[in-house]
Amino acid sequence: MYYTRTGDNGTTTLYGCDQRLSKSSAIAEALGALDETGSVLGLLAVHMAHTEMPNGKIGATIVMDIQSHLFTIQVEIAGADKHLSSEAVLVLETYIDSLGRTMSPITTFVVAGGTELSALADVARTVARRAERRVVGVSEEGLVVVYDQTLAYLNRLSSFLFVLARYVNREAGIDEHAPAYDK
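Oh and the sequence shown: position 54 is 72 in the working numbering, straight run, nothing missing.
Quick caveat, the hints were computed from the structure, so don't treat them as lab data.
Treat the hints with care, as some may be off.
[Unchecked claim] Label pairs and their computed distance ranges (CB to CB): (1) 98 to 192: 32 to 38 Å; (2) 42 to 123: 41 to 47 Å; (3) 83 to 33: 38 to 44 Å.
[What the hints assert, rightly or not] Pairs of lysine to any residue residues, derived as SDA-like cross-links and limited to a Cα-Cα distance of at most 25 Å, are as follows: (4) 75 to 194; (5) 75 to 86; (6) 75 to 130; (7) 41 to 156; (8) 41 to 53; (9) 41 to 75; (10) 41 to 93; (11) 75 to 85; (12) 41 to 145; (13) 100 to 160; (14) 100 to 38; (15) 75 to 27; (16) 41 to 86; (17) 41 to 90; (18) 41 to 27; (19) 41 to 54; (20) 100 to 39; (21) 100 to 169; (22) 41 to 85; (23) 100 to 47.
By construction, the Cβ of each residue, glycine as well, lies at the ideal position given by its N, Cα and C atoms.
With the hints as extra help, turn the sequences into a complete structure.
So this is what it looks like as structure tokens:
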């Protein structure tokens, strides 16, 4: 069954919990932002798997692993006794460092775009940042216990997506552009 009608009154339940809460609650917002991030990452993975870029299929596999980690974070936020390992953060840092070593250091803001794949990675980055803000919010409000490695992972995720966007453009031979800043 694809519907239950139990949410028709604007409430929902959390993973393994019978208590209902408003769909506009901070917890529901955080879970929705994480879900949205996973969906955008799914689109990114599909595009990466079908790109001509070297290592595109490997990149798609990495992004799909990240999607799995986001599910773990969602059930953590929903109150389940499941958490990311610190190893997940280290793996993401390894990806960031590996891609970062192939490029010149960043010295300014970079205008999103270049290639469609790079722009999509940037969209995913901004969606991931929103999810991070929502999760930090429920943590600060004391609504749920959010583990340090979860917050670190969400913070690294946007860094990974930023460096991925730069890498994709570099592989395509597209120069980065700094904002012009009106004078």
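These are the hints, each one checked on the structure:
1. Taking 32 to 38 Å as the suggested C-beta distance range, the pair residue 98 and residue 192 does not conform, at roughly 42 Å.
2. Between residue 42 and residue 123 the beta carbons are some 42 Å apart, a value that agrees with the proposed interval 41 to 47 Å.
3. Between residue 83 and residue 33 the C-beta distance comes to about 21 Å, which lies outside the given range of 38 to 44 Å.
4. Note on residue 75 and residue 194: the hinted pairing holds, with a Cα-Cα distance of about 24 Å set against a maximum of 25 Å.
5. Proposed proximity of residue 75 and residue 86 is supported: the alpha carbons are some 17 Å apart, at most 25 Å.
6. Only pairs whose Cα atoms come within 25 Å are accepted, and residue 75 paired with residue 130 is accepted, the gap being roughly 23 Å.
7. At most 25 Å may separate the alpha-carbon atoms for a hinted pair to count; residue 41 and residue 156 meet this at roughly 14 Å.
8. This hinted pair checks out: residue 41 and residue 53 have alpha carbons roughly 14 Å apart, not beyond 25 Å.
9. At roughly 37 Å between alpha-carbon atoms, residue 41 and residue 75 are farther apart than 25 Å, so this suggested pair is violated.
10. Between the alpha carbons of residue 41 and residue 93 the distance comes to roughly 16 Å, so the proposed pair stays at or under 25 Å and holds.
11. This hinted pair checks out: residue 75 and residue 85 have alpha carbons roughly 15 Å apart, not beyond 25 Å.
12. Proposed proximity of residue 41 and residue 145 is supported: the alpha carbons are some 19 Å apart, at most 25 Å.
13. For the given pair, residue 100 sits about 18 Å from residue 160 by alpha-carbon distance, which is consistent with the 25 Å threshold.
14. Between residue 100 and residue 38 the CA atoms are separated by roughly 21 Å; this keeps the pair inside 25 Å, and the hint holds.
15. Proposed proximity of residue 75 and residue 27 is contradicted: the alpha carbons are some 43 Å apart, above 25 Å.
16. Pair hint residue 41 plus residue 86 holds up; C-alpha atoms about 23 Å apart against a cutoff of 25 Å.
17. A threshold of 25 Å between alpha carbons decides the hint, and for residue 41 with residue 90 the separation of about 20 Å falls inside it, so the pair holds.
18. Pair hint residue 41 plus residue 27 holds up; C-alpha atoms about 9 Å apart against a cutoff of 25 Å.
19. The hinted pair formed by residue 41 and residue 54 meets the criterion: a straight-line CA distance of about 15 Å does not exceed 25 Å.
20. A distance of roughly 21 Å separates the Cα atoms of residue 100 and residue 39; the hinted pair therefore holds under the 25 Å criterion.
21. A distance of roughly 14 Å separates the Cα atoms of residue 100 and residue 169; the hinted pair therefore holds under the 25 Å criterion.
22. About 23 Å separates the Cα atoms of residue 41 and residue 85, which keeps this hinted pair within 25 Å; it holds.
23. Restraint check: the Cα-Cα separation between residue 100 and residue 47 comes to about 20 Å, which is no more than 25 Å; the hinted pair holds.
In the structure shown, a violation is registered for the earlier hints numbered 1, 3, 9 and 15, in ascending order.
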